[in-house]
Amino acid sequence: MDFSAIAQFVSGGVTVGAVYGLIGAGFSLVFKTSKVVNFAQGEFVVLGGLMAYTLIALFGGGTFSAVTAIGATLALVVGLAALLYAVLRQARKGSDEFTFVMVTLAVAIALRGGAGLAWGTEYKTFTLYPRGSVTVLGAVITYGALITLAVTFVVSVGLWLALYRTRLGKALRACADNPAAAQTVGIDPKRMVLYAYMGSGLLGALGGVLITPSLMMSYDNGVILALKGFTAAVVGGLVNPFGAIVGGVVIGVIEGLGVGMFSSDLQNAYSFIALLVVLAVRPQGLFGGRAELAR
Amino acid sequence: MTHATKLMNVQSSAFKYSFSRRRTLAALAALGVFSTSSVFAQQESFKIGAVYAVTGPASFLGDVSAKAVRLAVDQVNAAGGIKGRKVELIMEDSKSQETAAMLSIRKLITQDKVSVILGPSRTGDAMAAIPIVNEAGVVMLPPVSGVGVIEPVAQRKFVFRPGQGGDLSVGKVLDYAKRAGWKRMGVLYSSDAYGEDGRDNMRKLAGSKGVVIGREESFAPTATDLKPQLVNFRSANVDAIFVHGIGAPSVLVYRNAAELGLKTPLVSGHGQANSAFRKAVGEDVVGQPVVGAPVLIWQELPANHPQRAPSEKFAKLYQAKYGTAPDMFAGVAYDSAMMAIKALEEVGDDRTKIRDWFETRVKNFVGVTGTYTFSPTDHGGLTSDALVMMIATSQGWRLADYEK
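If you read the sequences in order, they're chains S and C. Going by this note's numbering, the first residue of the first sequence is number 1, and it counts up by one from there. Going by this note's numbering, the first residue of the second sequence is number 296, and it counts up by one from there.
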């Protein structure tokens, strides 16, 4: 096993993991503010990819129209996420989190069926960046992978700034820590949860736009994407969006190394084994506080 | 994982609803047509069941199969049915899931009481359904490649496989390997029934053609990055890599190989002989050999090739109805429907008689896919004529020179 092969396994894992991380950060954002695991998160990714596929074809070539198409895609999915929360708010008073989780599951199935009818069952892909690659330490890293990593990094920084350097972020965190206390100082928890859903829609759609050019997208990819994203979020600590991104990279690298160095038969098993190990050793996740989990 | 299971279950019932509604609408439409005509007066119709992966990851092969058998049944009904009796096609979607395929087959047998079953689309689905059709005594015609669905014949009495076997496909690949001078090959297969069948056939047949398997690698049907496997092949110094898998990862194999600048040739089994693959893979496959079926390039077949005329006829019918050229899986499904129709015509709708008909009366049946001869010891019935070696061009495919 030469070094360049290991570098290849790791770099591939980091790239795939970054996308798992973006999806996981969406899970985490919603869970942090509402204690609900939103299983429609994977569908946000699928719709992001498929809508971008349609809009990019519709708007025609050129950088400007591509950027417009992606902007429109993100806006549509964010709107859809807001709509999902509007549906959830219709639940009767006293419904517990589990009811909400079931509703997100139902919405996910409806969205998947709708996507199948609208886009058909074939894999879709579009061109967003030129084909090509650079070689780092003997590992081939495509432009697509570099862009994915760059976007994930920018999003992480942006998310951190939004959460820790703005009034809105402060209100969101206050609401996550103690909704009742936050309400007494004039923060509307429902509004905060709405923002969290919109943020999760944005993260998911972005993930979809990033992976569709290199991996293709089918209407029914949402389940596996949601599972991997959820695993990333749990490994990183469900209440910490940055933990989710790191968790995604961790399971991506474990997958890449596992496939390359041991056996490719167990490709999907590696990340779930990693999940079991983390849950056994550190149930709050790599970056989750014990106190936050207990509440 | 319990969430995943829940997702699947709820998903399947949601789809069932939409499909049963669609079928009701179709039935209403059909009533409207046939109530005004007296062609099929009073007589009970013949019932053919079909189970294909119309949705899900294998939909690229199930969808075209469904279209092709619909074409066959419409054709026979337009010509007055079988001895004045209408043929009713009851279509089910297996959603590329073994459980759904089994449920559909049970429903076709017990509820719809069909005489014969076309499908299911995947080797794994067919394997799971074998005990059900054996118990009910209904012939099943899966358009798959797995050897396990027809062997051992004693336990597969009701299964006849209209699809080209994995052994035939691997045989074509090894033929090509000999011509290309490949001595040491890698095997890259999907970790499902189809992929493993390809691997097993390669293990069995490679030695006889003087080929050594240098390395084996697999990938999950949901794989997103095939570079680790390809890097391992590079360090194993193989002359070529045999790819046996379907769906998105089989496209990614070619894409990732191009990204890595891998010089090792890739050669695919007949799972890639379809337009969905060709469209998705784009430039990355150009110049590489892929095992295909006569129907895909009937224009280039020599005039005396037995499948030239039937392929041309079928391709034109299919094109006229659906506006696209048929895939290999369409041809296989069409052949199975035509054989089922012929069986009903000759022996009626008795399930046992139909089984015996398939075993003893299908002799040199010239189909779109190949020339079928079933026997009590061979439920596969095709020879290597049913496959051709193709080379991918920037537009589509061409026939390998030595096949002409």
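Misleading hints may appear alongside valid ones.
Unchecked claim - Partial list, computed: chain C residues near chain S (C-beta under 7 Å):
#, residue
1, Ser354
2, Ser486
3, Glu554
To be verified - Only some residues are given here: those of chain S computed to face chain C with a beta carbon under 7 Å:
#, residue
4, Ala5
5, Ala118
6, Trp119
7, Glu122
8, Tyr123
9, Val136
10, Val140
11, Thr166
12, Val259
Hint data in this document are derived by calculation from the structure and do not stem from the laboratory. Note that beta-carbon positions come from the ideal geometry of N, C-alpha and C, so glycine has one too.
Each hint, compared with the structure:
The beta carbon of Ser354/C comes within 4 Å of a beta carbon in chain S, closer than 7 Å, and the hint placing it at the interface holds. The restraint placing Ser486/C at the interface with chain S holds, with a minimum CB-CB distance near 5 Å, inside the 7 Å limit. Because the beta carbon of Glu554/C sits about 5 Å from the nearest beta carbon in chain S, less than 7 Å, this interface hint is met. Taking 7 Å as the C-beta cut-off, the interface hint given for Ala5/S holds, the closest approach to chain C being about 5 Å.
At a threshold of 7 Å, the smallest CB-CB gap from Ala118/S to chain C is about 13 Å, leaving the interface hint violated. Checking Trp119/S against chain C by beta carbon gives a least distance of about 12 Å; that is not within 7 Å, so the hint is violated. At its closest, the beta carbon of Glu122/S sits 6 Å from a beta carbon of chain C; the interface hint therefore holds under the 7 Å criterion. Given the 7 Å rule on beta carbons, the hint for Tyr123/S holds: about 5 Å separates it from the nearest Cβ of chain C.
For Val136/S, the interface hint is violated, since its Cβ never comes within 7 Å of a Cβ in chain C; the closest pair sits about 13 Å apart. With its C-beta approaching chain C no nearer than about 5 Å, Val140/S sits inside the 7 Å limit, and its interface hint holds. Nearest Cβ of chain C to the Cβ of Thr166/S: about 33 Å, over the 7 Å cut. The hint is violated. Look at Val259/S: its Cβ gets to within about 5 Å of chain C, closer than 7 Å, so that hint holds up.
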